[in-house]
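Protein chains in written order, with this note's numbering: chain A, 1 to 209; chain B, 210 to 623; chain C, 624 to 848.
Heads up, a few of these hints could be off.
Stated by the list, open to error - Below, a sample of chain B positions facing chain C; criterion: calculated Cβ distance under 7 Å: (1) Leu-351; (2) Asn-360; (3) Leu-361; (4) Pro-451; (5) Ser-455; (6) Leu-520.
Stated by the list, open to error - Below, in silico cross-link-like pairs of lysine to aspartate or glutamate (EDC-like), each with a Cα-Cα straight-line distance of 16 Å or less: (7) Lys-267/B to Asp-320/B; (8) Lys-321/B to Glu-650/C; (9) Lys-466/B to Glu-158/A; (10) Lys-688/C to Glu-87/A; (11) Lys-168/A to Glu-650/C; (12) Lys-392/B to Asp-25/A; (13) Lys-321/B to Glu-264/B; (14) Lys-387/B to Glu-158/A; (15) Lys-625/C to Asp-25/A; (16) Lys-30/A to Glu-504/B; (17) Lys-505/B to Glu-87/A; (18) Lys-267/B to Asp-765/C.
Source of the hints: derived by calculation from the structure; they are not laboratory data. Just so you know, even glycine gets a beta-carbon here, dropped at the ideal spot from N, CA and C.
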Amino acid sequence: MDWTTFGVWLAAVFTLGIISFLYRDNIFYKLCEAIFVGISAGYWLITFFWDNLYSKFYSQVTDPVDPQWTPWIGFVLGALMLTRLFEKIGWLSRWPLAFIIGATAGVYMMFYFVSNAMLQVSATILPIYTGSISGAISNLFIIVGTFCGLIYFFFSKEHKGAFGGAAKIGIWFLMATFGASFGYTVMSRMSLMLGRLDFLFGQWLGLIK
Amino acid sequence: MDITKRNIKNLYCVHLIVFLFLISSLTVFAQTETVAEEDTTTIFIPQSPISVTAEDYKYDRGESVVINWGLSPDDDGSGKVTGYEIFRSEAEQDDFISVNVVAPGISTFRDKSVENNVEYIYGIAALNGDDASPMTLSEPVLPDTEIVNWNLLNLFFIGLLIAGSVIYFIAHAKRGKKLFIRKIAGLEAIDEAIGRATEMGRPILFIPGINDMDDVQTIAGITILGRVAKVVADYDIKINMPVARSIVMTTARETIKEAYVGAGRPDAYSDNMVRYITDEQFGYVAAVDGIMVREKPATCFYLGAFFAESLILAETGNSVGAIQIAGTAMPAQLPFFVAACDYTLIGEELFAASAYLSNEPKQLGSLKGQDVGKFMAMAAIALGVISVTIARAWGGSFFPWLDEFMHRLFTITN
Amino acid sequence: MKKQVPLTITFIVGVVLVLSVFFPPVETLGEDFSLFFDIIAVFAFFLGGGNLIRVHTDRISKKKKDWGFSMITIGGFLIMLAAGLFKLWNPGDISADVAATGSLFQLMYDWMFNPLGATMYSLLAFYVASASYRAFRAKNRDATILLVAAFVILLGRTPLGMYATEWIPESFSLLQIPNLAIWIMTSPNLAGQRAIMIGIALGVVSMSLRLILGVERTHLGTDNE
Chain A
1 MDWTTFGVWL AAVFTLGIIS FLYRDNIFYK LCEAIFVGIS AGYWLITFFW
51 DNLYSKFYSQ VTDPVDPQWT PWIGFVLGAL MLTRLFEKIG WLSRWPLAFI
101 IGATAGVYMM FYFVSNAMLQ VSATILPIYT GSISGAISNL FIIVGTFCGL
151 IYFFFSKEHK GAFGGAAKIG IWFLMATFGA SFGYTVMSRM SLMLGRLDFL
201 FGQWLGLIK
Chain B
210 MDITKRNIKN LYCVHLIVFL FLISSLTVFA QTETVAEEDT TTIFIPQSPI
260 SVTAEDYKYD RGESVVINWG LSPDDDGSGK VTGYEIFRSE AEQDDFISVN
310 VVAPGISTFR DKSVENNVEY IYGIAALNGD DASPMTLSEP VLPDTEIVNW
360 NLLNLFFIGL LIAGSVIYFI AHAKRGKKLF IRKIAGLEAI DEAIGRATEM
410 GRPILFIPGI NDMDDVQTIA GITILGRVAK VVADYDIKIN MPVARSIVMT
460 TARETIKEAY VGAGRPDAYS DNMVRYITDE QFGYVAAVDG IMVREKPATC
510 FYLGAFFAES LILAETGNSV GAIQIAGTAM PAQLPFFVAA CDYTLIGEEL
560 FAASAYLSNE PKQLGSLKGQ DVGKFMAMAA IALGVISVTI ARAWGGSFFP
610 WLDEFMHRLF TITN
Chain C
624 MKKQVPLTIT FIVGVVLVLS VFFPPVETLG EDFSLFFDII AVFAFFLGGG
674 NLIRVHTDRI SKKKKDWGFS MITIGGFLIM LAAGLFKLWN PGDISADVAA
724 TGSLFQLMYD WMFNPLGATM YSLLAFYVAS ASYRAFRAKN RDATILLVAA
774 FVILLGRTPL GMYATEWIPE SFSLLQIPNL AIWIMTSPNL AGQRAIMIGI
824 ALGVVSMSLR LILGVERTHL GTDNE
């Protein structure tokens with residue numbers, strides 16, 4: 001059987017089914033949604049099973065040359081998660097959760113502090129005197145904008161008077177940021193649909209070579 | 210907010226215009242093949258690099274070595290040298306393996322693939338296409354482990370200052386001193402939004418983002434869920450929480466259950482309030498969209514880490530007439546939430562939300578600590594800007610030194 | 624015990640991972656955590672997958688609304704599961720790669736999973752237009768700034784933007800739309816992004832400290848003090 005032709009038709013049917021949601025919810029979309037949820041959940045379970053449980057745990061602990069013991073910690077914590085299914089010992093499932101939250105807090109605290117705070121502060125230390133007016137104005141914009149943006153985010157002071165004025169300027173800069181991000185992504189979003197239309201009119205209907 | 214027929218018609222018109230635009234944009238692209246020309250140049254062997262030194266990279270686990278070399282005399286920008294190839298061998302053996310190739314003009318490389326406590330010798334050869342000069346060898350080098358990474362001393366002190374200020378104000382607030390916190394519109398609207406759901410008899414939809422509990426944004430979303438669930442339990446409204454991660458499902462159930470127990474209504478809680486959909490990003494979105502158009506929630510909360518699906522969720526929520534309160538620390542998704550939602554918690558406000566909603570002095574104290582951190586950042590920027598500006602404009606010795614100091618203070622070398 | 628042990632675990636693990644950054648012998652603890660998390664996630668998936676099956680079988684058994692679609696969901700889930708676990712139609716044997724070319728798993732991925740995901744993603748083309756239509760009505764100053772910035776950036780990335788303002792003399796070249804777009808991206812946009820990112824970093828530090836110190840406990844299902 002020519003699976004490619006069957007596959008193309010199947011993909012086209014699913015494409016049209018999802019696009020039909022733009023008009024309204026309908027049985028076609030519900031069918032596509034049900035299939036998508038089912039097969040994607042199955043896909044990720046298989047991926048987790050082979051990539052995580054088999055490769056990262058089983059292969060590591062049963063390696064004939066250099067068996068590792070640290071994956072057993074993850075295994076024990078994972079097993080504790082399953083105690084949730086039993087009411088009497090379900091409280092044990094909080095332990096792996098506590099582990100995850102503590103570790104996430106610890107790892108992210110330093111990571112965000114370095115990449116988002118220290119590097120950004122370092123990059124904002126710019127000279128106002130650059131030898132050219134345009135350079136000076138650009139740098140001034142960046143410095144003032146960063147300052148006013150930070151003032152906007154102050155929680156413990158009311159946005160009144162000069163402080164409120166600076167916060168107002170800060171929100172203007174934030175709006176410019178959001179507008180710029182929005183405008184930047186519009187074309188790339190359009191190209192996503194172009195890809196699907198190219199598939200429908202090209203690969204499926206053969207109207208475009 | 211009822212969606213009028215006119216609004217729906219306008220929406221269809223916009224979609225139709227986009228569709229016609231996209232159809233007209235489909236073009237045919239032609240591919241042309243280029244035939245590689247036969248190389249007929251003569252062989253040229255460049256001169257070897259001058260002296261090679263290899264040193265253990267400090268402040269690591271003995272897993273990297275820094276190699277420096279003098280450029281080949283033929284590396285003068287004329288193209289006679291096309292790169293340098295770095296070779297490595299264990300000191301007792303003579304089997305050199307190629308580690309990397311770098312561009313001409315570069316005279317340093319950090320090899321991060323060495324083993325601790327194994328002695329190595331490095332060789333550098335200058336390349337001209339496929340032809341290479343004889344290697345210049347280094348002295349043996351032994352990578353070693355340092356206990357403390359002194360390179361990060363600046364990070365430690367600044368981190369200690371910021372963390373210290375947060376902890377100080379948490380402790381300070383415990384002593385009962387009242388702290389002023391300005392109103393945050395998105396958080397003030399939560400009660401109103403939940404009240405709306407009660408009046409309309411429609412459920413609340415809570416989306417904690419698309420990431421797992423190993424993302425601090427998801428944790429922030431779940432902590433806000435705890436506050437929201439308390440109000441939901443009091444008002445006796447239905448809360449619907451489809452999730453994309455199993456661990457998030459487990460945590461969310463714990464959180465909501467405790468909220469109902471705390472409200473004195475343990476029997477009203479059901480595990481069906483939180484259900485797992487799928488780990489797949491767009492499969493999850495497809496299902497949530499379906500839930501939105503069928504159950505028509507009165508209020509939608511989007512609080513956590515989102516990616517491209519943020520706009521799909523927000524627009525669908527708009528189409529069913531829900532009040533939408535969003536919050537994320539993904540800068541790329543904030544514009545879409547700002548454009549499509551009624552209220553948006555921007556970045557830092559997401560992490561402050563839980564403390565804000567709790568109204569507890571200790572939690573509010575941490576917000577004050579955050580403000581001190583912002584003040585320190587602004588002070589550092591101001592000092593740095595003044596020093597670098599004066600250094601550039603007038604020179605001298607103090608301000609250039611101060612400028613260098615400020616840059617080094619906020620730069621991480623690793 | 625039920626409340627104190629989790630808080631203690633959070634504290635110890637959090638502090639260890641914060642300090643591990645400064646001590647090279649233990650600096651890879653963060654990667655180890657990542658490994659443990661991946662393994663924990665598999666076990667948690669059994670809970671999630673079990674919930675998925677339970678919810679849909681409940682709908683089927685009680686003949687609730689749209690119960691037919693629940694059958695399809697479960698069917699798709701089980702077929703994908705079988706295809707991946709038993710490597711059905713795999714050209715190699717059971718030890719071959721699960722996504723080998725020609726395997727049922729790969730075929731379902733190529734012809735079902737991929738098109739469905741790509742099409743959902745592509746709906747953004749329409750949603751970005753409808754969001755723009757609604758948001759860019761310039762009702763106040765803030766919305767006007769957002770509109771102008773978005774418009775300039777959008778035009779700056781198209782040939783139309785270039786043609787529309789190429790008549791502007793070189794001395795005012797900043798006002799040419801492509802140059803203006805670049806300036807907006809590298810000045811006001813950069814300033815706003817930096818303010819947001821610095822704020823986020825401080826928010827994460829504050830939130831992390833509240834979690835590690837046990838000030839914030841809602842996620843563990845315990846009441847705050």
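Query raised in the report: Looking at the structure, which of the earlier hints fail to hold?
Result: Of the numbered hints, 1, 2, 4, 9, 10, 11, 12, 15, 17 and 18 do not hold.
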